[in-house]
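Q: Protein sequences appear in the order of chains W and B.
Here the first sequence is numbered in our numbering, starting from 1 and rising by one per residue.
Here the second sequence is numbered in our numbering, starting from 218 and rising by one per residue.
Hint data in this document are derived by calculation from the structure and do not stem from the laboratory.
Heads up, some of the hints might be wrong.
If you anchor each label on the Cβ, the simulated ranges turn out as follows [as the list claims (entries may be wrong)]:
| id | chain 1 | residue 1 | chain 2 | residue 2 | range |
| --- | --- | --- | --- | --- | --- |
| 1 | W | Ser148 | B | Glu226 | 43 to 49 Å |
| 2 | B | Phe400 | W | Arg191 | 29 to 35 Å |
| 3 | W | Arg82 | B | Lys338 | 46 to 52 Å |
| 4 | W | Glu40 | B | Asp388 | 30 to 36 Å |
| 5 | B | Cys326 | W | Leu68 | 54 to 60 Å |
| 6 | W | Glu61 | B | Tyr397 | 35 to 41 Å |
| 7 | B | Val276 | W | Leu14 | 40 to 46 Å |
Short derived list, chain W residues pointing at chain B, Cβ under 7 Å [claimed, not checked]:
| id | residue |
| --- | --- |
| 8 | Gly18 |
| 9 | Met20 |
| 10 | Ile42 |
| 11 | Ala43 |
| 12 | Leu51 |
| 13 | Gly138 |
| 14 | Tyr142 |
On a predicted model such as this, the values are computed, not experimentally measured, just so you know.
For every residue, glycine included, the Cβ atom is placed at its ideal position computed from N, Cα and C.
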Amino acid sequence: MNGGAQESLFRHTLITTGVMVAFAVACTALLVSTHLTTREPIAASVREAKLRLLEQVLPAELHDNDLLADPLTLPPGTLGNREAAPVYRATLVGRPTAVLLEVTAPDGYAGDIRLLVGIRENGELTGVRVLEHKETPGLGDYIDIARSDWIQNFDGLSLAKLADDGWRVKKDGGHFDYMAGATITPRAVIRAVHAALKYFEQHRATLLGLPAKEETS
Amino acid sequence: MSDYREIVENGLWKQNPGVVQLLGLCPTLAVTSTVVNGLSLGLATVLVMAASNAAVAPVRRWVPSEIRIPVFILIIAALVTVIDLVMHAYMHALHGVLGIFIPLIVTNCIVLARVEAFAAKNPLAPSALDGLMMGLGLTAVLTLLGALRELLGRGTLLSGLDLALGPAFKDFMVTVIPDYQGFLLAALPPGAFLGLALLIAARNWAESRRAAARPTTPAALAHGH
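Same shape as in the complex, but just chain B (with noise of 0.2 Å):
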């Protein structure tokens, strides 16, 4: 059970993929322009996660180590195949603005990290969980970041969810800060790099304030050391 709990930790935040392990930094830059892009995008590269590290782990007995590597990529490359294929059938206007970075996440080195670092070594049940967590804690960061390029950008929340789920959700755009002339640095891809280190700074300075906050053990006495 302990061990579920550190899947869980591990990847929504002791080891997140956007601000600690600094892993798939591709999306997480050019598509976090808006909310809805990073959500979109960051749910797509969970269900990618779940998916090839729940593949990967029932067959790791059978690849030999010498094509592990191949026999992976091809098959995260034909998950994420399929995912766009049924995205392109069925959710055609998200598919128009995600498109292009659907084909990526094939190349998201973090995807390709778990399944190799975890998924090869665990049964299926916690590799799945592994994919599914760490993707969430990616997701948690694009979608943060989108937010925060969004509002700066353009002074707008949760603009496009209508391309994302239908026309009937248009009204849901908040538009934050009204007559907003646009900071463009923002929107632009510069902004990313900003906006993901100032969520790197504060991440860090949570967990400094975390650590201090603890009280001090032996241990960690002896660790200091």
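Pulled out of the complex, with its shape left as it was, chain W reads as follows (with noise of 0.2 Å):
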């Protein structure tokens, strides 16, 4: 008797663990499928994202390279980024043209502001767009050109334009405009496109990509 329980115990123990891994090989099954399915269009799709947004910060007669095919990549810590960061690269007819640098202000009034940031070979902004940023809704997040068209004042400035003191909102004495009751979130993004020119300023050969001589002459 008692061994016919114990029989029946191993038996209905193997039948369960055997259903449990018969259903963790569907599904697994169903997704791989599905990956691999789906592989190619995600790619596509994040691709086609990514270029139109370097597109919102690039003049589309600027540039006649695929923007994506070869990046340079700055390190870790650069430009306030926490990870590896790409540089986009324009060119038109062979010659650069602009780079376009991801940049982190890492003051938010929430945390990290993700920046795009297009600089022309010549020091002038091209764009500025915000990636990622937590700043509150309704608040600070005016810096997002889906709420407000402030980012546009960068358009065009460069450090010939305007002095180190000018970057700045107006109520520190600077030349942004900036919404009363959110100056933190501005103040932050100021700097780090200030920053971002300046470090274009430093590394502009390398960041376009010119021949050292080119450089020096």
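Now that you have both chains on their own, put them together as the hints suggest.
A: Take a look at the structure:
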């Protein structure tokens, strides 16, 4: 009797385990096939979304190359980025015209603000866009182009056109407008863009991919 | 036939997951900042619920009761991942908005609750219908709450429809209150709690009016005592 009960318990355990394994295998098979069929479309749509974003800060007439083809990589810690960040290079008939930098402003009101900064080879900003932020909705989020045009204040500015003490909000004696009640956010963005321009000035040749001799001439 | 009718009524009104069962509050409160967000996550949940109920019902006899919860969760998680991947591939912009909430559908207790309470005991067709109707009931609540919060928080309706359906739909956004400065409370998480409370109150009010209007039957009297 006891032996029979033990045997049926053993059988039951075996069946239960078998069922669990069978379901795990079936579900895994479903996931693998879905992954394989969606892999290409996902890569394509990620790429397309990225390109559309890059084109927001880069006028179409400034480039004729594939921006995603040959990005430079900046090591972690550069320009506030916590991870290695790509630099996209725009060229027109083979001549470098602009670079697009990913920049992180670490001192936003609610953590990091990630920015995409486009800089023309002459040091002028082609545009700035916010990639990611956690600023208060309805307050600090006017840096987002979806909320207001504030971020377009940067278009066309350069270190030559605006002296160092101009890279502040008006409240601090600088050039930039801000919304009352939310000055920490624009301060962080302005500082980060300013730092990006300085970085570009120092590393212009490397970023643009110019040969070293052109830099010295 | 009356069974199906009851399933529909339960899902949409009597046992509405959003305002009666109060299950699945995590997405309800998190994503309902706009109509489009609420509706999109709601529809994704409908899909998951109908699919998981339909997947569990035919295999219910082969699942030993000791391991039914892990098996159900496995099925739900696999289906959610499939939907997540498909959305990422073909609705990229919307996936960007809802991205982090889609995997969370797995942890939405209403999904497991319906699988466990209904699909594990009923055949395929009523189970699928139950998932569908419970999902739609939740979607209705998410959409209403989204509308309420978007209207009060930003003064618009249907903003972000272009993210869901393509840039051609950008003009569908309705600015209900022009030059609105925004009402932060409604846009932030507390607004979701307050909005949900208002919806529950509204449903209770409607239900009590209906009960009052109903002629008193002897059965109801007996039940009252």
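Q: Each hint: holds or not?
A: Outcome of the hint check:
| no. | hint | result |
| --- | --- | --- |
| 1 | W:Ser148 / B:Glu226: 43 to 49 Å | 46 Å, holds |
| 2 | B:Phe400 / W:Arg191: 29 to 35 Å | 31 Å, holds |
| 3 | W:Arg82 / B:Lys338: 46 to 52 Å | 50 Å, holds |
| 4 | W:Glu40 / B:Asp388: 30 to 36 Å | 32 Å, holds |
| 5 | B:Cys326 / W:Leu68: 54 to 60 Å | 42 Å, violated |
| 6 | W:Glu61 / B:Tyr397: 35 to 41 Å | 38 Å, holds |
| 7 | B:Val276 / W:Leu14: 40 to 46 Å | 19 Å, violated |
| 8 | Gly18 | 10 Å, violated |
| 9 | Met20 | 5 Å, holds |
| 10 | Ile42 | 5 Å, holds |
| 11 | Ala43 | 9 Å, violated |
| 12 | Leu51 | 12 Å, violated |
| 13 | Gly138 | 4 Å, holds |
| 14 | Tyr142 | 11 Å, violated |
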